[in-house]
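Could you build the full structure based on these sequences and the hints that come with them?
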Amino acid sequence: MASITIRGVKKNYAKTQVVHGVDLDFASGEFVVILGPSGCGKSTLLRMIAGLEEISEGTIAIDNTVVNKLEPRERGCAMVFQNYALYPHMSVAQNIGYSLKVAGVAAAERTQRIQAVARVLELEHLLDRKPMALSGGQRQRVAMGRAMIREPKVFLFDEPLSNLDAKLRVQMRSEIRKLHRRLSATSVFVTHDQVEAMTLADRLVVMNGGRVEQVGTPAEVYSRPASRFVATFVGAPAMNMLEGTVTLDGLSLLGDSRKLNVSRTGLPVGSKIAVGIRPEAVRMVAPGTPGALAATVDLIEELGAGRVIYVDLDGAPFSVVTSEIVHPEPGSTVGLQFAESDLHFFSSESGARLDVFKASVPEPAPAIL
Amino acid sequence: MVERTPILNFFTHLILFVGFVFCVAPFVIVAIAASHNLKDVNDVPMSMLPGSDFWINIKTAWTTADLGPKLLNSFIMAFGVAAGKVIVSALTAFSIVYFRYPGRMLIFWLIFITLMLPLEVRIVPTYAVVANVLEPYQTIMDLTGLSWLIEKISGVQVSLSLGLLNSYSGLILPLVATATGTFLYRQFFLTVPDELTEAARMDGAGALRFFVDILLPLSRNNMAALGTIMFLWAWNQYLWPLLITTDQSHAMAVTELKQLIPNVGGAPEWHIAMAGTLIVMLPPLIVVVLMQRWFVRGLIATEK
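Protein sequence lines, in the order shown, are assigned to chains A and B.
With the first letter of the first sequence counted as 1, position 365 gets the number 1700 in my numbering; the numbers rise by one all the way through.
With the first letter of the second sequence counted as 1, position 205 gets the number 211 in my numbering; the numbers rise by one all the way through.
Source of the hints: derived by calculation from the structure; they are not laboratory data.
Source: prediction; values computed, not measured.
Some clues are possibly wrong.
Here are the simulated DMTMM-like pairs of lysine to aspartate or glutamate, each with C-alpha atoms no more than 20 Å apart in a straight line [claimed, not checked]:
1. Lys1345/A / Glu1365/A
2. Lys1488/A / Asp253/B
3. Lys1465/A / Glu201/B
4. Lys1436/A / Asp219/B
5. Lys1607/A / Asp1633/A
6. Lys1404/A / Glu204/B
7. Lys1436/A / Asp59/B
8. Lys1607/A / Glu1684/A
9. Lys1488/A / Asp1528/A
10. Lys1436/A / Glu1406/A
11. Lys1465/A / Asp219/B
12. Lys1513/A / Glu1457/A
13. Lys1488/A / Asp1500/A
14. Lys264/B / Asp253/B
15. Lys45/B / Asp59/B
16. Lys1404/A / Asp1358/A
17. Lys1607/A / Asp1690/A
18. Lys1345/A / Glu1406/A
Non-contacting residues of chain A with respect to chain B, defined by C-beta distances greater than 10 Å in every case (computed) [as the list claims (entries may be wrong)]:
19. Thr1394
20. Glu1406
21. Gln1417
22. Asn1418
23. Leu1421
24. Pro1423
25. Ala1438
26. Arg1481
27. Ser1497
28. Glu1578
29. Asp1647
30. Pro1663
Built from N, CA and C at the ideal position, the CB exists for glycine as well.
Structure follows, in C-alpha cells:
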C-alpha cells in the first residue's frame, strides 16, 4: 500500500505538450479511476507513474519518495496492459511467474506463489497453456495474475477491459473490484468508459486536453460537475446544454425564444451562460401543462427498463430519460418540466461551473414559464 | 481470392510440374552420370538408365579428393558462419531497434552500406586484413608517429602481426560481417508489440534479460531461416576459401571438387566428378530438409 503524490507534472513530446501540469494526491489503498476521452493524456499520466514514460517536468512520489529517476522495477508498481501483453512463448504459469524469476526467487517458492495467485483468479487448470490457447477473459486474468504475484504497492490498469465483450467486461469489472477489496493496494485505473469509471472508482479524476477537470467521488462528479466538459462527458445520455443570457428577472434561453424564471443568479445582466439539465431530471408532462416547455418528439430509444426520448426544443436537441411507460409519437408535442435545483450553470467562455444557487434556498416549484 | 476450377487446377499443376522438371533434371542427370562406369559416362548420348557403379564411384570420389576432412572443414566453416551471423545480427538489430543513442542512424547506415559491398568487391583489402589483422593499427601507429615514439623511449620496435590465413577464424569472420541478417531481425523486432517490452520492464527485466528471455525465443523462426540461408551460402563459398587456404588441411569440400574434374589429357572420369558433386551437395540438402518448416515460417509468417 502506498500513497501517490503528483506535483506539477508535465509531459512534452518534442515540441508538443500533452500533459499541462497535473497535481493529484492518491491516498493509500484508494481505487482511483482516471476518466477522459482518448488523447486527453490519461494514459501518458499512468505511464509516467509506472516509469515507462519520462516525466518532463514536475515530480511523482510514491510513498513520499520521488520516483522520477527510478526504473519501473524499482517503483513497486505493477501494470495491466490494454492488450494484456502476455509473453506468447511462455505458458500461463511462466507468464505469471516471470517477474519472480527475474527477481531470483527460488523455483519452489515461485511455484507456490503462482499456485496461490492462480487459485484466486481461477486459473489453476490453465497453468500449462500458452496465451494463444486462452479466451479474452482468461488472458485478462493472466495479465492480472502477472501483476498480482509481485504483491505491488501500486496497481496500474491501462484500459484493461476495452478489448473484452460487453458481458465479460461487466464480470471482470466486479472481479477487479473484489480483488481490490481483498488486496487493498492503491490502484489507478485508466479508462474512457464512464460506466466503468463510475462503478469502480473510490475517487474519479476527469481529464481533458492534458488537464485535470475535476476530482471527486463518482456521485460528486455526477451531481456537481465542475465544468461543462465534465457535465457532458459523465452521464449517458449526455447532459442537455442550452445557451442562455442572464436577464433582469431570470434567463432567456435559445436566443430569447424561451424565458426561464430563476431566483437571483448574482450574475451581471447580459452575461452569456450555458444551462445544463440531466435527461434523468426532466419530467415529461402533457403538452400545455402550466409551466412546461413545449417540445417536438424526434426519436425514442427503448432501453427496456426505461426509454430515452429525443426531442427538439426550438431547434436545440434535448433528451429525456424516463422510466414511465410512455410512447409519444415522433412528431407529436410534449411538455417538459424540471426543478430549478436540478439546473447546472456554466460560464459560456471558460466552461467553469457557476454556483449561482449556492446561497439561495432551493425552489421546490417548477421554474418554467 | 482462390479460384478452384478443374481446368485451372490442371494448368496450375502443369506449370508446377514443368517447373519441377526444370529444377530437378540437372540433379537427375548428375545422379545417373554418377552411377555409370568410365565407358558409359562418355557415350554420346549418355544412357539415361542408371548404371551399376554408383557406390564404387562414390567411394572413389571420397578417397581421391579426401572428402572426409574437407567436408568437416566445410561444415565447421558453414556452421561457424551461420552461428556467427545469427548471434551478431540479433545483437546489432537489438541495439538498433531498442536503444536510442547518439549516432544510431549513422551506425544503421554503415551497416546498410555493407550490403552494397559484398566480399567479392572488397576482397583485396579484406585479404590484407586477414593476412595481418593488426595491420590497420600498425599503420595508424606509424602515421601518428606513435611507433616512433615508443621505439625512442623503450627501444622496442613496434611490429604488430596476427595472421589468420589458413585458419577457421580467417575463413569465418569476414563472411560473418555483412548486414543481411541484421535487417531480417530488425524487421521482425519492429513487429514485436511495444507493450511486450513494457511488460518486461514492469516485470523487472533489464535489457539483456528481455533480449534473452523474450526476444530470442520469439525470433526462433527468424534464427532458423537466417541460419539455414547462411549455412547454404557459406557452404557454397568458393572464392574466399580458395584465396586464403593455401594449406590442404584447411581446404573446403566445394573448392576441392576441382580435383575430381578431369584434367586435360587425363582420363575423362566424369562419373567420379559427378559422384563427388553428389556427396558435397548432400549436407546442405539435409539442412534444408530438416529446417524447411521453420525456414519457411521465418521468412513469410508474422506469427503472433
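Quick one: work out the minimum CB distance from alanine 1438/A to chain B and report holds if it exceeds 10 Å, violated otherwise.
violated, 6 Å
Just to be careful, I want the Cα atoms of lysine 1436/A and glutamate 1406/A compared with a cutoff of 20 Å; is the pair within it?
holds, 18 Å
So if I understand the rule, the pair passes when the alpha-carbon distance is 20 Å or less; does lysine 1488/A with aspartate 1528/A pass?
Distance ~25 Å between lysine 1488/A and aspartate 1528/A Cα, so the pair is violated.
Next pair to validate is lysine 1436/A with aspartate 59/B; report whether the Cα-Cα distance is within 20 Å.
violated, 61 Å
Against the 20 Å threshold, does the CA-CA distance of lysine 1488/A and aspartate 1500/A hold or violate the hint?
Between lysine 1488/A and aspartate 1500/A the Cα gap is close to 30 Å, so the pair fails against 20 Å, i.e. violated.
For the pair supplied as a hint, lysine 1345/A and glutamate 1406/A, is the alpha-carbon distance within the 20 Å limit?
Cα-Cα ~19 Å, so holds.
Just double-check glutamine 1417/A for me: nearest Cβ-Cβ distance to chain B has to come out over 10 Å.
violated, 7 Å
Asparagine 1418/A: least C-beta distance to chain B exceeds 10 Å?
violated, 5 Å
Distal placement of proline 1423/A relative to chain B, Cβ over 10 Å
violated, 6 Å
Reported absence of aspartate 1647/A from the contact zone with chain B (all CB gaps over 10 Å)
holds, 46 Å
Is lysine 1607/A close enough to aspartate 1690/A, meaning Cα to Cα at most 20 Å?
Since the Cα atoms of lysine 1607/A and aspartate 1690/A sit roughly 15 Å apart, the hinted pair holds (cutoff 20 Å).
Hey, is arginine 1481/A genuinely clear of chain B, shortest beta carbon separation above 10 Å?
violated, 7 Å
The earlier numbered hints that this structure contradicts are 1, 2, 5, 7, 9, 13, 20, 21, 22, 23, 24, 25 and 26.
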